[in-house]
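Going down the list, the sequences are from chains A and B. Be aware that the first sequence starts at 1, since it is given in this note's numbering, and climbs by one per residue. Be aware that the second sequence starts at 1, since it is given in this note's numbering, and climbs by one per residue.
Read the hints as simulated data drawn from the structure, not as lab findings. Quick reminder that beta carbons are idealized off the backbone N, C-alpha and C, glycines included. Please note that a few of the clues may not be correct.
To be verified - Facing chain B, a subset of chain A residues (Cβ under 8 Å, in silico):
#1 P244
#2 D273
#3 F274
#4 N278
#5 L315
#6 A459
#7 G481
#8 Q490
#9 T492
#10 N496
#11 V497
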Amino acid sequence: MTTMAEPVVRAHARSRRWLEELVSPGGLFVSAVMILALFPVTSIIRDPDFWWHLRAGQLIVDNGALLGTDPFTYTVSSHAWTMHEWLSEVFFAVVQRAGGLGPIVLVLSVVTWIGIVCILFRAAMRAPNRFVLGFGMLLAVIAGYPIWGPRAQMITFCFSALTLLLVERHLVRGGRAIWLLVPLFLVWSNLHSGFIIGLGFIAVVVVAEVVGGRLGMPDSASAARVRTLIPVLIVSAVASMVNPNGPGILLYAFQTQTSAAQQALILEWHSPDFHDWNVLPFGIMLVSLVALITANRHLRARDAALVLVTAALALQSVRHIALFVAAATPVWINQADLLLLRRRGRAAVQRRPAAMPPLRLRVLTFAALAVTLLAAFVAGRLAPAMRTQPGALVYAQEFPVCATRWLATVHRPLNIFNQYGEGGFLSYQLSSKGDKVFVFGDAALMGDALLYRYAAVEAVQPSWESIIRGAGTDIVLFDTGTPLANLLAQSTRWKNVYHDPLSVAFAPVDKLAGLQLPPPPTSYPAGDPCSQLKVTASVNGGAQNQ
Amino acid sequence: MNAVRILPTKELERERRAARRARFTWIAGAALLTLALTVQPFRDTDVWWHLALGQLITTHGIPAQEPFSFLAAAHPWVGQQWLYEVLLAGLVGAGGAALASAVMGAVAVVALVTAALAVPRAARVGGLWLAVGIVLSGLVMAQVVGVRGQVISLAGVAAVLFVITRWREGRTGFVWLLPGLFLVWANMHAGFVVGLAILAVALPLARPLAPATTLARKPLAAALGVSLLATLVNPAGVGLYGYVAETFMNPTITQVVTEWMSPDFHNVWVQLFEAEVILLVVLWVIGGGPDRFDAVLAVVALAATLQAQRNVSLFALIAVPQIALYGSRAWRMRIAPHLRGRRIANTPRAASLLAVAAITAVAAGVATTVVPRLTPSASAAFESSRYPKAAADFVSVHFAHDRLYTADSWGGYLAFRFPQGRVVFLYDETAIFGSAALQRYLDVHLLRSDWTSVLSSEGVQHAIVGDNSQEASAFHEIGWTIDCHDAISGSLVMSAPSVPPSKVSAPLAVPTTAATAC
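So that you can see chain A by itself, here it is in the shape it has in the complex (with noise of 0.2 Å):
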């Protein structure tokens, strides 16, 4: 018989286990490693493309509908456009027009922040080692160190870290939970295209776990847990369908994927530079996954399946480091736990702990530590981020923000031959006025003929010249050191018509009187950004795609 105190008094036993687990030396490490991790999550905004998302969010609002072509181009405006993360844009609009780009700083920070939280509740369900489970964490949290940052492929990041966790509860709890998939994917495919690796993450679990189970790996789940993903993989699919673009937006994903265009011409989608030492911890942590898995030879169906397919999809594009990152992490963390089982024997691994100081004293060191963690975070990091305005220096030291400003004067509307990295910013600050540009970041909406032909001009091709002007480009504005601008330098067919130390702008000879071009400024006030600018090496020569 059980009275009413029982199940209060197991709660507060669970409550306390928790807490003491919470104030244990591998808890406090593992509470340090994520408070930490909100520190590379958080920035001002660098990724290219956010800047059209956001201008085409504001053309959404404004209008009430999405656009059905391309509003920023005088090259392909007549292509159609999928506005696969109109929900995304929608939400950078209405939030930027709110308050700035500082809320969409804070909640891109924390989309992304709660996509590693969990990474580490999936790899907490095996009990790893503390100090394992939080050394696991920093080598992750380290390793998606060049994806990390406020961009709408973080939403994909935690969703699918988050569709993990969840299919990873169910095939060993079992439960109802699993189908908060489906509104999961009824969302996520409105925010961003990314939602097809979700599905794609079920269906590989679903398949190795069918596999494995044949060939008699560990740790198989239940046939009938692993039966019931498939109906809810289904379901999630024709959720994923209810957006504006219907069916076809499962197909649109997997355009970016096949365009050999993009893979070619777009660094985010190039294989990782392991000369880099920002990628260097990715391929630390790739390499010491392969050497525990050989040195434990324990390993799950589904996890084998989980680190192939993503660490195939990050060697082919630095971009996927952070599926990868969501994927492998708790392998990794289950892993190294093995090991250090094997090398030190259960027992000892489990032995009591040593005399601690008391709970309260242990609770007071965690909320000192934890409060001021955040606070050296919130001061050091996410202030400056949010406070940090499109026109103020850290931006104008990676996008055109004086060039624009010039360019803003001049009256009428014109059709500029841009970087690719720098379209976004170009339409974002100046489509109202009328003007245009060659290229931005929507590549899949550009087409693959349209970026072979700027990369001809980039790479400055002898057909340069006939791209350019063939397309009825007004000026070109490239950043300052690339051989294009060197190049047009020499050109007595063009005209150097402004610089700063990021931007350089030529115009045609024959065209410059009837583009009444105003003088470039010579000074700036005294606090001025545009005063300030010192810029050593081009920063958009590619570009990241959402």
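Following the hints, put chain B in place on chain A, whose structure we already have.
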């Protein structure tokens, strides 16, 4: 209950001989098949300056300074590959490019077969698994072999793996092959340091392959020490190691030279490497786990390949014996038990006959593939299409002894065509040129802000450039004219104007109708 077949001694011996024949036939078939991949024309752009240098050394000895370029090289000439270069010049002199292609292709195959024979004898790995290892790794390394010094290093690494396995089996005498190997290797290619590194890893990590024995580590340590000393017997002496360090550590080289960059996993050949890595890890896991030394070797080679794609061949070579060994083990542990009672004429004799039939077909196929590549006309056609042969012919008639600009990938060819008078800008012996010269080249190649001043300060009046290159567009903008167009290789000969024009009225048009053919 499984029936046990007891064979008379004679029949047993016959079956053993048949099994050995089958093993040999599988290996020979795989080697022949791989030959079709490794016999290649002069695809590597460096082969030309190595050849030019070999010819120079044959007549004048090893030069003290870089001999072909008008740029100031940062370091004295090391002559590290002098023996390979002399060998290359000798082969080309004796039998043309075809002989060099055939010999270097054969060296690559020998490397693969030697690596395959580095499996422990006691493991009794069947010929089929050895053949799988050879052919798969041959495919993976196909893009980075051919006529190039790196192939010598592959053979060296394979020999080191072979010696280590024999040593681990208790046959210690094999280690004394190493000093001679390193003496030759250190004079042929800088990759000998990889061999030394493998030995240094084996010394503490390797375990004996024969049960209940201990490894005689002292002889290997002694052989390693003597080998280290043997590497100093080369024209540069201990300076050789400075050259090697410059090659491996110079950040400009690793950023500029394609094969020192990380692999591009969109490339189908790199995807083959990826597949081989996955296969090896799977075989390790299901084959009972790898030996510690094998695992360390493969993981380090994997990490090295992620850093520099040229190391894909090193990984592939190291993978040959491991795929054979762990594949064979995995088969015996996981698949063979399920096939008991379903054997279909799987006797060594039947296998032997099958293998002989297969090898005959493979030999015929390889002969029809490889032989046409080795004719003089095929070599000449390849040279004309890949290198600016006609453009260089034009230059030799009209601008002999004048300084030439060209992209680094063609610099080696021009060094071969114009070995006298230092008319070449830069070629890919980057460790000798050093960062300063490389940066001057990049100033022009990447059209950096001072590109025109580099051309004028170096007194460059002519160029052989790609007809679709940025240099062609840029030179045109400063008034250079096209002397001729080599449409086969896609190159232009361009010259600076005697008086810079005040205006260039139109952009460069390619294909150009005005320019004559070279």
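Here is what the structure says about each hint:
Given the 8 Å rule on beta carbons, the hint for A:P244 is violated: about 32 Å separates it from the nearest Cβ of chain B. Interface restraint check: A:D273 against chain B, minimum CB-CB distance 5 Å, threshold 8 Å, status holds. Because the smallest distance between the Cβ of A:F274 and any Cβ of chain B comes to about 5 Å, under 8 Å, the interface hint for this residue holds. Hint status for A:N278 relative to chain B: violated, with the closest Cβ pair at about 13 Å, above 8 Å.
With a cut of 8 Å, the hint placing A:L315 at the interface with chain B holds, because the nearest CB-to-CB distance is about 4 Å. The restraint placing A:A459 at the interface with chain B holds, with a minimum CB-CB distance near 6 Å, inside the 8 Å limit. Taking 8 Å as the C-beta cut-off, the interface hint given for A:G481 holds, the closest approach to chain B being about 6 Å. The beta carbon of A:Q490 comes within 5 Å of a beta carbon in chain B, closer than 8 Å, and the hint placing it at the interface holds.
Interface hint status for A:T492: upheld, as the beta-carbon distance to the closest one in chain B is roughly 5 Å, under 8 Å. Look at A:N496: its Cβ only gets to about 13 Å from chain B, farther than 8 Å, so that hint breaks. For A:V497, the shortest C-beta to C-beta distance to chain B is roughly 18 Å, which exceeds 8 Å, and the interface hint is violated.
Hint compliance for this structure: hints 1, 4, 10, 11 are broken, all remaining hints hold.
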